[in-house]
Amino acid sequence: MSKSARKFILILVVLVLCCFGIVLNSVALGTQYWTVFHGSFQQNNSSVEENTIQVDINAGLFRGQLTKCCLPSVNSYFSVKDEYTFNNDFMSFGLWVATLLFLALGVTFGGIGAIFAGVNSVVTPIEMITGVAGLYVWNGLACVFTLTSLLLAVTQYSIHFRHIAKSLSGHYNISSEMGDATLGYSFYLVLVATLIYLLNNLLVYMSTRRSWEKGKPPIDRDEAPTNGVIMLY
Numbered sequence: 001m002s003k004s005a006r007k008f009i010l011i012l013v014v015l016v017l018c019c020f021g022i023v024l025n026s027v028a029l030g031t032q033y034w035t036v037f038h039g040s041f042q043q044n045n046s047s048v049e050e051n052t053i054q055v056d057i058n059a060g061l062f063r064g065q066l067t068k069c070c071l072p073s074v075n076s077y078f079s080v081k082d083e084y085t086f087n088n089d090f091m092s093f094g095l096w097v098a099t100l101l102f103l104a105l106g107v108t109f110g111g112i113g114a115i116f117a118g119v120n121s122v123v124t125p126i127e128m129i130t131g132v133a134g135l136y137v138w139n140g141l142a143c144v145f146t147l148t149s150l151l152l153a154v155t156q157y158s159i160h161f162r163h164i165a166k167s168l169s170g171h172y173n174i175s176s177e178m179g180d181a182t183l184g185y186s187f188y189l190v191l192v193a194t195l196i197y198l199l200n201n202l203l204v205y206m207s208t209r210r211s212w213e214k215g216k217p218p219i220d221r222d223e224a225p226t227n228g229v230i231m232l233y
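Sequential numbering from 1 applies to the sequence shown in the numbering used here.
Derived by calculation from the structure, the hints in this document are not laboratory data. Take these hints with a grain of salt, some might be off.
Simulated crosslink set (DSS-like; lysine-lysine; CA at most 27 angstroms straight-line) [claimed, not checked]:
#: 1; residue 1: K81; residue 2: K166
#: 2; residue 1: K68; residue 2: K3
#: 3; residue 1: K81; residue 2: K68
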């Protein structure tokens, strides 16, 4: 395979992966499964099995849902920002805003990377920032921003959202001693997107790496064979 063909294929793969990373981050933004909780408690401090109430909570960056599995089942929807307004211990507002900001920046630079990957798969730009070197920058920034959003989300979870059942117990008449929540699949979608942007930089490097044949040293132009032709200057 020629170097130009290999470069075209790898840059095309980078384009597809950039789009996939954008989709993953966008889905994570819109879904309500960053924090997931499953627990139960005895109603009225009773030990009778029929009085056991199952509680399921899932919360995203904007909205969440609390379900009490009793007779009848009750579904309650809540706004993350409104819950913070009612209870400042529900979350850290600064961490929440920073998580949204860095995740949005990750989507933005992932989109820029996709655009210039498409450009580089068709033409060879003259400017360095719009060429292959730029792909390192756009994918690198997207990787850094999404990774930062993950670290902020983990910090928020460790301090606040791990105890989401306790934070919501006052408003929704549930027990405050049912255990801790866990990170949901929305969080891991962003993790996969981060790894994708990291992989893209590896693919960009592979697309520009000089191919060489094992065991054949580079030919010195001064000693290159002339097939019997004497060049006169």
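These are the hints, each one checked on the structure:
no., hint, in the structure
1, K81 - K166, "17 angstroms, holds"
2, K68 - K3, "60 angstroms, violated"
3, K81 - K68, "22 angstroms, holds"
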